[in-house]
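In order, the protein sequences belong to chains U and E. When we follow my numbering, the leftmost residue of the first sequence carries the number 55, and every step to the right adds one. When we follow my numbering, the leftmost residue of the second sequence carries the number 16, and every step to the right adds one.
The hints are simulated quantities; they were obtained by calculation from the structure and are not laboratory data. Here the structure is a predicted model, which means the values were calculated and not measured. Check each hint, because a few of them may be wrong.
[Stated by the list, open to error] Below, in silico cross-link-like pairs of lysine to any residue (SDA-like), each with a Cα-Cα straight-line distance of 25 Å or less:
(1) U:Lys57 - E:Gln100
(2) U:Lys70 - U:Glu113
(3) U:Lys92 - E:Ala39
(4) E:Lys29 - E:Ala97
(5) E:Lys72 - U:Glu113
(6) E:Lys24 - U:Lys57
(7) U:Lys92 - E:Val103
(8) U:Lys57 - U:Gly116
(9) U:Lys124 - U:Tyr79
(10) U:Lys92 - E:Val75
(11) E:Lys72 - U:Ser141
(12) U:Lys124 - U:Lys70
(13) E:Lys24 - U:Tyr79
(14) E:Lys29 - E:Pro123
(15) U:Lys92 - U:Thr165
(16) E:Lys24 - U:Lys124
(17) E:Lys24 - U:Gly97
[Unchecked claim] FRET-style restraints, in silico, Cβ to Cβ:
(18) E:Ala97 - U:Gly116: 23 to 31 Å
(19) U:Gln137 - E:Asp71: 37 to 45 Å
(20) E:Asn80 - U:Lys57: 26 to 34 Å
(21) U:Thr170 - E:Ser33: 32 to 40 Å
[To be verified] Not everything, but these chain E residues come out facing chain U in the computed CB check (under 8 Å):
(22) Phe25
(23) His44
(24) Gly57
(25) Leu58
(26) Tyr79
(27) Ser109
(28) Tyr117
(29) Gly124
(30) Thr128
Virtual Cβ for every residue (Gly too), placed ideally from N, Cα, C.
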Amino acid sequence: AQKVTQAQTEISVVEKEDVTLDCVYETRDTTYYLFWYKQPPSGELVFLIRRNSFDEQNEISGRYSWNFQKSTSSFNFTITASQVVDSAVYFCALSETSGANFGNEKLTFGTGTRLTIIP
Amino acid sequence: NAGVTQTPKFQVLKTGQSMTLQCAQDMNHNSMYWYRQDPGMGLRLIYYSASEGTTDKGEVPNGYNVSRLNKREFSLRLESAAPSQTSVYFCASSEGTGTGYYEQYFGPGTRLTVT
Numbered sequence: 055a056q057k058v059t060q061a062q063t064e065i066s067v068v069e070k071e072d073v074t075l076d077c078v079y080e081t082r083d084t085t086y087y088l089f090w091y092k093q094p095p096s097g098e099l100v101f102l103i104r105r106n107s108f109d110e111q112n113e114i115s116g117r118y119s120w121n122f123q124k125s126t127s128s129f130n131f132t133i134t135a136s137q138v139v140d141s142a143v144y145f146c147a148l149s150e151t152s153g154a155n156f157g158n159e160k161l162t163f164g165t166g167t168r169l170t171i172i173p
Numbered sequence: 016n017a018g019v020t021q022t023p024k025f026q027v028l029k030t031g032q033s034m035t036l037q038c039a040q041d042m043n044h045n046s047m048y049w050y051r052q053d054p055g056m057g058l059r060l061i062y063y064s065a066s067e068g069t070t071d072k073g074e075v076p077n078g079y080n081v082s083r084l085n086k087r088e089f090s091l092r093l094e095s096a097a098p099s100q101t102s103v104y105f106c107a108s109s110e111g112t113g114t115g116y117y118e119q120y121f122g123p124g125t126r127l128t129v130t
């Protein structure tokens with residue numbers, strides 16, 4: 055069965071520091087997708103990025119970067135030069151596409167990491 | 016586009032009462048989902064509808080029923096509310112091509128308290 059672990063429950067850093075949020079997943083599938091979502095204090099979940107299992111290139115978007123390593127089943131998220139607006143709960147999620155999940159797009163979420171940026 | 020809308024935003028129920036949470040999307044998505052979010056537990060899937068006319072149980076379906084009224088609307092019903100159903104409920108939708116590729120879009124959530 056698929057599983058997503060976000061071992062860091064809460065992280066606090068001072069503004070402008072870099073911070074990495076960890077995500078470790080388990081799956082038996084060879085084809086799958088990994089996602090990160092952000093839930094700011096307003097409560098709505100916002101999609102940040104998708105990565106497929108065949109693409110291990112790291113991705114950078116402004117101050118955000120993602121490191122996908124199949125060898126360690128990890129998909130970590132780094133925020134560089136953090137800002138107060140980055141304060142939120144961040145969720146990592148896994149979508150499998152074969153076996154019992156073929157034909158649908160169910161996501162398995164981790165329990166989330168609450169990130170607080172201290173001004 | 017409004018995206019995914021949910022009503023109501025807040026609700027307080029007494030144990031044993033029933034209610035229906037409404038969800039609608041205007042993105043012509045095939046798949047729709049209901050999640051509950053509880054502290055320390057992330058989001059857990061209650062029910063989903065891969066396409067119009069189909070519904071399936073998720074991880075925590077007990078105590079809930081759903082109806083995919085049409086392609087746009089997916090409602091969640093609590094027949095006899097219990098305090099354990101106190102939670103924040105999110106509706107989501109996605110393209111639903113069956114490949115697992117497309118991200119889900121979430122509504123603003125409904126905060127439900129059962130006393």
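Of the numbered hints stated earlier in the document, which are not met by this structure? 5, 6, 8, 11, 12, 13, 16, 18, 22, 23, 26 and 30
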